[in-house]
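Student: First to last, the protein sequences are chains H, A and E.
Just so you know, we're using the working numbering here: the first sequence kicks off at 1 and counts up by one.
Just so you know, we're using the working numbering here: the second sequence kicks off at 1001 and counts up by one.
Just so you know, we're using the working numbering here: the third sequence kicks off at 2001 and counts up by one.
Derived by calculation from the structure, the hints in this document are not laboratory data.
Check before you lean on any hint, since a few could be wrong.
[As the list claims (entries may be wrong)] If we take Cβ atoms under 8 Å as the criterion, some of the chain H residues that face chain A in the derived model are:
1. Ile55
2. Asn191
3. Gly192
4. Trp285
5. Ile320
6. Arg442
Where is the CB? At the ideal position from N, CA and C, for every residue including glycine.
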Amino acid sequence: MSKNQKHKDKHQSIQPRPEQAAEAKITPAVYKGDKIFNRVLLGVSATVFIVLLGIFITLLSSATPSFEEFGLRFFTIDKWFARMTSVSGLSGVQTANNPLRMEVKFISIIDGASVTSEKFHLFTADNSSVPVTAKWFSSEFSNKVEVIVQNDLMPGVTNTLVVLKNILDYNHFPLADIYRCRFVLLQTNINGFDYNIVKTVSISGERYGDIESYITEGDQRWFGALPFVSGTLLTSLLALLISLPFSLAIAVFLGEYFTSGIVSDVLKTTNELLAGIPSIIYGFWAFKFVAPLVYELFPYSDGGGSNILTASIVLAIMIIPYSASLSREVINMVPNDLKEAAYAMGATRYEVVKRVIVPYSSSGIVAGTLLAFGRALGETMAVTLVIGNKNEIPQSIFSSGQTIASLIASKYAEGGRMQIAALTELGLILFVITLVFGLLGRYLIKKLSVR
Amino acid sequence: MKAIDREAKKQVTKSVGKNILKDRIFEGLVILFSILSIVPLIFILSYIFAKGFPKLFIPEFWISAPPVGQSKVAIETIGMNYGGIANGIIGTFFVVIMAAFIAVPLGVMTGVYLAENRQSKIVNAIEVAVDMIQGVPSIIFGIFINIWLVTTMKAGYSAIAGSISLALMMLPIVIKSTEETIKLIPDTLKEAAVALGTPYYKVILKIIVPAAMSGIVTGVLVGVTRIAGETAPLIFTAFGNPNVNYNVTQPMETLPTLIYNNARSASPNLIENAWGASAALVVLVLLLNILTKVVVNKWKVKF
Amino acid sequence: MESKILEVVGLNAYYGDHLVLKDINAAFPERKATAIMGPSGCGKSTLIRTLNRMHEMNIGARVEGKILLHGENILTVNPIVLRRKIGMVFQRPNPFPTMSIYDNVIAGYKLNGVNLPKLERDQIVEKSLNSAALWNEVKDKLHKRGTFLSGGQQQRLCIARALAMNPDVLLLDEPTSALDPKATSHIEELIVDLKKEVSIILVTHNIAQAGRVSDYTAFMYLGELIEFGPTEKLFTVPEDKRTEEYLSGKFG
C-alpha cells in the first residue's frame, strides 16, 4: 500500500483520461524495421512540397529582372511595348566620288507589322551629327532601308547610326525601337579602286527569340501591369455579377426546393457538365458564337465582338457551377428545426430562405463565391480568344482589353528576356491574387465545418 | 365584429396576400434562373456537336493530321479538306498517360504519408501547400516548366515537358483524395493487422491501400479528366505540332492545343478541323466523367 | 500450482507524462481464462494492450517494467515476432473488408509473406474455423467477403484469424461489447471451450461475464491492480473493500 502511496505522490495524475485514450492514434514511428518505408514516403512528400514551393521561387527569380528594371512603376505604367523588328546588319560602300550608301537590314519576326516612319541619325566619334537621308527599298512591308550619308566619313573611326523605328503591330498599336549600330569604315583597295567598306562593330537593341538581348540607354520599352490588372479584375467582377443570380438560384433550387428526385438529378447533372467542359471549348464556342452575337446586339462594341463584355459572359457561364455546388451544400445543411420553427410561425418559403437559410449559410455562400472568383481570375483559354487582345485599360465594358492570363498565353512565346521577366512578374501577381482569394475561401469553409 | 377588428383583419389578410405573392414570385425566379442556366450548356453542346460530330464518323479524321491551310482559291476548286486530328489524339494520349504515370505514384505515396502522420508540423505545412496549389491558374505551371525545361535546360518544347506540367496539376487532386480516403478508414483495421504481427509497411501496402483503392482510383480519374481538357500549360511546354509525332522529346500536339492553334487561323478548313477536335474532346471528357461515376458507384467499400 | 505463461513485473505505463498503469504485478496461468475487470478508465484495456505491445503504437506511449512470456521479456523482443505468439481480438469485429473469409483466416500468414502449400492452408483454415465454432456456417461460402456475416459471426471469424497463428496466448479486449446477447453467449461458450488449448486473457466490463467464463479474475481500479485471484474466491470473498464495492455495483 505504501508503495502505491509513494507513486501517488510522485506522479501528477492517477486516472487515465478517457478522451486521451480514445484519441490516441496508431502511428508508425515505433517500428525500427519500418524506418526505411517511412523515410521513402517522407522523401517523396518532401520532394512534392519542395517542387510546389519551387514554383513560387522560380517565378520570383525569373521575374526579378523586370522588378529591378521597373520597380513599383510596374503597377502604374499602362502600356506594353515590345520589340517587333530588329536591325540585323549593316553594309555599305563609300568611294571617292560617291557618298556612303548604307544598307540597313531588319529582321522582322512578327507578321503584319508595318513601318510608319523611321528616323536615322548618324553620329561620328566626337558626337557631331551628320545629316542622312533614308529610303525604303520597296513600299510593301520591306526589311531593307537605304541610308545615304551626306558628308564623307573618316575611315577607321567608329560612327554610330541610330535607328528609330515606329511601327504599328498587327493590332495597330504603336511600338518603338531604338538601335545603335556602331560601325567603322575600312579602307580597301579592289582592282585598283579605293573603297571604304562598312564594317559593323556592334548593334545594340533588344531582339527577339533566343538571341541575347541587352538594354541600352534611351530604349523605349515599357512593361506595365495596369491594363491587365484592370482587365482581369473587370472581367472577373463582371462575370461574378452575371453569374451570381444563376448560381444562387441553382443553390436554392437544389438545396431547398428540389433536394431530390428527377428534376434535381437533371439540374445536378447539367451543373456537373458545365463544370466539366474544358475551357478551350468555352473559348472556341465564345469566339464563334458569342462574340458575333454580341457584335450584332451591340454594333458599337469593340473588336467585332471581342471585348470585355463577351469575355465576362463566357466566364460567368464557366463559374456558375463552382459557386452553385458549394452554396447548395451549405444551404442543404441548414438544420430542419430552424426552418420548421419559422414555418410554424406562418412564414412563407421565401421568408424562410431570406431570414433563416441565407443568414445561416452566408459564410458558405461567400466562400463559394470567392472560389468562383478565384477561378475566373486565372482563366486563360476561355478568355484569350474573345478578349480582344488590346493592351490598354478598358474604357467601358464594350472595349477590348486584356487579362493577365491571356496576355501571358499570347506573348510568352515571343521571347525577349525583359518581356519574359515582365510576363513572369505579372504571372506572379496573378498567382498571389488567386492564392489570397482561394485561401480566404478555404478558410471560410473550414470555419463552417467546425461549426 | 368591431370596425377596428375588421380593419385589422383586412390588413393582415392583405399583408399575408402580399407575402404569398412575394413567395410565388421568388419561387418563379428561382426556377426560371435555374432553368436558364441550362440554356448555355445546351447551346454549347449542340453547337459543337452540330459542327463537329459528323466529322468524327469519317475514318480519315482519326488517322491524318490537320492540313496545311489552303487558300480560298484552292478550297473553291478542290473543296474543303480539313484533314484529321490524329496528331492531337495521339498527343493527348501520350501526354495524359505520362502525366498520370508521374502524378499517381508520387501523389499516392504523399497522400499515404500525410494521412498517417497527421500530428507532425511538417505534414501540416505540406497540406497547406497542396491546398494552395489547387487554386493556382493552370498557366503558371506552364511557365514554371517552361522556365526550367525549355529555357534553362534548353531541352526545347517537348511532350515530356507538357506531361510534367500536367502532372503538377494532377498531383494535388490525387494527394487529397488518397489522404481523405485513408483518413476515413477506421483504425480498427490497422489494429487487426498489427495484432497479427504484420510489419508496418505491409499493413499499409496490403491492408490500408487496398481498402482505400476506390477513393484513390476516383481521385486519379478526376485528375485525368481535369488535365485531359487543359490547354494553357501545354502551349509553352508541349507547344503543338502540325504533324503526327510519336517522339516524346519533341513538341507534340494535343486535342486542346490543336483547337487553340487552329481556331485562330484564317483558313476555314483549319477551323473546321478545330470543330471536329472540339467534338472529340467533349466526347472524351464525357466518357471519362461517366467512367468516374461508374467507378464511384460500384467500388465503394463501406466501413 | 498451475504454470504461469505470462508474467507482469513492476509494469508502469505512460501516455506522455500521464501515468496510466501503476506498478502492476500479475501472473497469468496457462490454459486458463483470466478476466480483467474494473470500472471505465481503470486501465484494463491499456493493460491488455501492453501484453502484445499494441499500446506502443499510440503517440507518446511508453512502458517501464517487465513482461515475461515463457520467462523471456517481451519488451526486448521484436514486437512483430511477439504478436505471432500472442494474438488479439478486438471489441469491434474487424475482418479485412477486401478479403474473403478464407483469406481472412489465413491472413496472418499471407501478410507476413509465408506461403504455405494449399493443402496446409486448407487444413489451417478448417481447423481455425472449427475452433471458432464457425466452420459449419461458412464452409460453403469461404470465398465470399467477410463483411457479409453477422456481427457475431464476424467476431468469430476474427477469433479464427487469431487462432490460425497458433498463439500461446489469446487476448480478448471486450469481445462481446458490440454484439447482441445471442452472439455474446456463443462467444462465451467458445471461450470456455478454447481455454483448454489456448491461454486466454479477456477484458470485460460485464461482471457477470467474468463470473461465467473465467477461472481467474483481476480487478483493476484507477490504474492499479487491486486484486487477483481465482474467480470463485474473488467473487464470494474478496479481500479488498473496493473489489467488494465494485462487485455489488456501488460503482461501475
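Student: Which hints from the list above does the structure break, by number from lowest to highest?
Tutor: 2 and 3
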